[in-house]
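What follows is each chain in one-letter form.
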Amino acid sequence: MTWAFIFSLAVCQYGFKALGVVIIGQRKMPDAIQRCLLLIPAAVLSGLIAKDTFTMGQSLGIDARAVGLAVAVLATWRRLPFIVVIVAGVGATALVRLFV
Amino acid sequence: MTNYFRAPQARRFITASLAIGVAFIVFGASFGVLSVSAGASLLQTCAMSLLVFTGASQMSAISVLSAGGTVASAFGGAVLLSARNAVYGLAMSPILRGSWSSRLIGAQLVIDETTALATAESDETLRRTAFWVSAPILYFCWNFGTFLGALVGSSINPNDFGLDAAFPVMFTALLMPHLRTRVGRRAALFGAIATVTLAPFLPIGIPILVAAFGMLFGLSNNEPTPPLSVTDGAP
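Residue numbers (our numbering), protein chains in the order written: chain L, 1 to 100; chain S, 1001 to 1235.
Just so you know, these hints were derived from the structure itself, not from any lab.
Quantities reported herein were computed from a predicted structural model and do not represent experimental measurements.
Backbone N, C-alpha and C define an ideal beta-carbon position, used for all residues, glycine too.
Errors might be hidden in some of the hints.
[To be verified] Away from chain L, derived, C-beta distances all over 12 angstroms, residues of chain S:
1) N1003
2) Q1009
3) F1190
4) G1205
[Stated by the list, open to error] Derived coverage of chain L by chain S (criterion: at least 3 residues anywhere in the stretch with Cβ under 8 angstroms from a Cβ of chain S; other residues may be distant):
5) 53-63
6) 92-99
With the rest of the complex left out, here is chain S (with noise of 0.2 angstroms):
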């Protein structure tokens, strides 16, 4: 197997998927919280994040259930948040070629930000590379800061802090090297535009499926990808 973490410029991912690592401690410990007091165990709070790993999809469920919905409404909430991961598996099969097993262990850990890495780079060796290095650390930082949020308990509202714009703001980093052909312009401003004309008309979760139809613009286009990523600037 593989060592990605020795892999030529490993480094520069490690710093890159330390940086949201941070940021998915937190958030992870503030799921824990919310799932503790919605009256889940400790154990079931962890399993959720070892087994569920979606961050956006876990919070809708927990606080859908927290604030007294149905069962049926924050499991379909909670589904639907997750279907973008279906778009990010078609995305990331190339890069997750290889072995059943590395397959299978790979597809749990398709989130946005492992996703985003790994898409940005321009070549096979470093798409790889910047996956399997980022997702066992951020698979690691989710489920640690799920663990301290349910041990400690103690409810913090994450938004007094502004940590509700930590996803927008880590996403916007992550996307500026998408944005270095024109076709990835155009794919993102379709998807901004879909997102946000749609949302007050859509269930949650459709609108951004609707974004994800941006990727089309790939049909009209040849240029090359010019090598840049989303981690050079970074020291």
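Just chain L, same shape as in the assembly (with noise of 0.2 angstroms):
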């Protein structure tokens, strides 16, 4: 680990992130593209949801992990505040585990 490898990757990611609030920065965009963006999050997120749950490097495959994903979608569903559904898709995910 090196401090060039620690500040070119900070220049690179902040570049990445300061890029779309430079781009378009002040001005007011048109309501077909402002609803697009506000999009982003839906798509993305769920996708987070897949890779994190489902594969292992590029591997696809089901463990432990789908059934923390089962039971915090059932706590979000029954509306439980964010930190039950927190702790029991972890506390799910552990016991698997530990039993299977």
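Take the two lone chains, each set in its own frame, and fit them into one complex as the hints suggest.
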């Protein structure tokens, strides 16, 4: 691990983050674009959920994390508080690992 | 400068951020441990969390390096994983409208969680409050966790405690309010299918960028966003 590595990574990722903020900046977007931008988290979050649950590197599979996800979906659907959703999902995953 | 912590409804964002913050401390700590055991100093480890502030990307860089991978592959993977922040930056730019200094600071704090919390809200003021309340809390928690982990340095395997499920679980709670519109559900379905089907064929980090194209469902539809949010239902 070198300082050069850390600083170059920092510069790259800040560039990514700042890109949208700088490109669009203060301008008012047309409504259609605005609606699209607000849909980004829906598309990306569900992509991340799928990736973090059903992949390991580049291979697909189902393991204890799927149980955690199922519990989290149930808890979220029942409108349980955020912290309960996290603890229940993580706990379920740990229990499956422990006993299966 | 507005004190967003005293803004209307700030409390529910504080509650949600603290819950996510606990997970951040634990993951920050496991990053700290990994980083120090991969040969980075305490200062380097903390600098990485402070400057990079993208957990997935930091974790990936460290695990490639500690597994003996090349610097180039560690760097490439980390950069690909942080590329989605560019997409988030686009979504956040109307919310981060303001002075140059607040935009430049705000940009660094654009991550999965702050973007999800902010864009789940139905009006501009609440979006800003959600962002400016969650961002400092999560920034603190991630860096505090990193510092603790780097300092203590004794290795635990977070997976034994099911912590590798913490992110998908957390994202599930964050996703839910985005599913209240039909276009939101379509975008989400597209994102999940795109990621899973492409994961075996494309380098890590790329499928998620393809998933972002789910946003194009927004072109077709004009339905208003019902006011409901991630933390309704929380006490």
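So, going through the hints one by one against the coordinates:
no. : hint  : in the structure
1   : N1003 : holds, 22 angstroms
2   : Q1009 : holds, 15 angstroms
3   : F1190 : violated, 6 angstroms
4   : G1205 : violated, 10 angstroms
5   : 53-63 : holds (count 7)
6   : 92-99 : holds (count 6)
Going through the hint list in order, the structure does not satisfy hints 3, 4.
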